[in-house]
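Respectively, the protein sequence lines represent chains A and B.
Residues in the first sequence are numbered from 1 upward in steps of one, following the numbering used here.
Residues in the second sequence are numbered from 1 upward in steps of one, following the numbering used here.
Just so you know, these hints were derived from the structure itself, not from any lab.
Take these hints with a grain of salt, some might be off.
List of simulated lysine to aspartate or glutamate pairs, EDC-like, C-alpha gap at most 16 Å [to be verified]: (1) K223/A to D10/B; (2) K6/B to D179/B; (3) K223/B to D10/A; (4) K122/B to D176/A; (5) K122/B to D177/A; (6) K121/A to D176/B.
Pulled a few chain B residues facing chain A out of the computed Cβ check, cut under 10 Å [unchecked claim]: (7) G26; (8) K122; (9) L172; (10) Q207; (11) L211; (12) A213; (13) S217.
The beta carbon of each residue, even a glycine, is placed where N, CA and C say it ideally should be.
There are 2 protein chains.
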Amino acid sequence: MAADQKSPHDLPDVAGLSVAVLGGTGDQGRGLARRFAMAGHRVVIGSRSAERAETAAAEVGQGLGAGADISGADNAAAARQGDLVVVAVPWDGHRALLESLADALADKIVIDCVNPLGFDKKGAFALDVPEGSAAQQAEAVLPRSRVVAAFHHVSAVVLLDPEVDRVDLDVLVLGDDRDATDTVRALAARISGVRGIYGGRLRNAHQVEALTANIISVNRRYKAHAGIRITDV
Amino acid sequence: MAADQKSPHDLPDVAGLSVAVLGGTGDQGRGLARRFAMAGHRVVIGSRSAERAETAAAEVGQGLGAGADISGADNAAAARQGDLVVVAVPWDGHRALLESLADALADKIVIDCVNPLGFDKKGAFALDVPEGSAAQQAEAVLPRSRVVAAFHHVSAVVLLDPEVDRVDLDVLVLGDDRDATDTVRALAARISGVRGIYGGRLRNAHQVEALTANIISVNRRYKAHAGIRITDV
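Could you build all of it, start to finish, from the sequences and the hints given here?
Structure below.
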């Protein structure tokens, strides 16, 4: 293999990068924050209220021992502090939050894991998004950031469970910037058991977000916390 | 467990059912026909031209030995002969074919595995479908049939490869009729290595069809024939 031919499995070293999790007081946000802190990252939980973020950070940090570096801040301060910024807010507030943080997020890798879903008596279903997907909305609102879509299918219950050492799923990582998707694939792989698999361009993010509705259906039928693995990779 | 409480893993016996594969001369159709014939099903390959269907059936049957029962017919005759009918036509001809076969397909389980995709220089992408998905279009056109969506992500290359004894993937099976989805889950499980996993209602079929674009991206990046497995199920 020529030196300039990169293996699709090569990962950059992201161990020294800090991670901010916006909307980090929700289940998915706390779950991801917990796993990144377990992996040794400096983690900042962001929330509208700095106080609630600090409370969540203290709670998540409690189970992790003295080495864990996890703090709370309002979303704007968290966005400034993170080398990588995960967006884990409810879909309702997605656009408004990102618009308000466009300056703080400039030049950063922004990792969108938001699933625009509705719920009715029949279960979950995908919502229409004018931009195509939450990730594409983020890209439209944050033209100076490098937007990557990832972490859609991780079960918050599993991430938060202290009995689970190894998380049995692959994270599909989508984006149009190879370095950014490689960085996020490496971040995913910091969670024990997880692989970060390149899953296509951002224009194909809708179905990955929407597939969460199917995974919810699987969970109901099988009483599971399902995830997906990609075979032959 | 009470006798009327069904395990989500229970499967009906489908060994005696015949399978028609409409559009069965294409790669995916031939691949599925081959695997169902290997499992001992009577298989009828359907095509616009009975002659081309017979040629494809002979070709697929060649590698399978004397026990295989695989024949060809025009699509209408194939639709009448199959206990279960798989729709594997190109998206272009999907609506017109099903409209023409509405009578032949009445009261049958129709298994739609069509992926409405477009392709350009950047790869594959999901097409907009007025009904939401190919499967929902089938449901709209075939009100007297029981439409199930399944087999979207199976690699034709793998299905057709005589060296592959065990196919390493799960088939997501979607539909609103429990008996029909259970039957199709059982059919999927007739392929060695495959599980049929309930994946939600038909209204959530779009993203399962569209995810094929992501799998094509995975295949390009990793030089793989990727599939998906569902974890914790």
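Against the structure, the hints:
{"no.": "1", "hint": "K223/A to D10/B", "in the structure": "holds, 14 Å"}
{"no.": "2", "hint": "K6/B to D179/B", "in the structure": "holds, 11 Å"}
{"no.": "3", "hint": "K223/B to D10/A", "in the structure": "holds, 14 Å"}
{"no.": "4", "hint": "K122/B to D176/A", "in the structure": "holds, 10 Å"}
{"no.": "5", "hint": "K122/B to D177/A", "in the structure": "holds, 13 Å"}
{"no.": "6", "hint": "K121/A to D176/B", "in the structure": "holds, 14 Å"}
{"no.": "7", "hint": "G26", "in the structure": "violated, 21 Å"}
{"no.": "8", "hint": "K122", "in the structure": "holds, 6 Å"}
{"no.": "9", "hint": "L172", "in the structure": "holds, 7 Å"}
{"no.": "10", "hint": "Q207", "in the structure": "holds, 4 Å"}
{"no.": "11", "hint": "L211", "in the structure": "holds, 5 Å"}
{"no.": "12", "hint": "A213", "in the structure": "holds, 5 Å"}
{"no.": "13", "hint": "S217", "in the structure": "holds, 3 Å"}
In terms of the numbered hints stated before, the structure departs from hint 7 and from no other.
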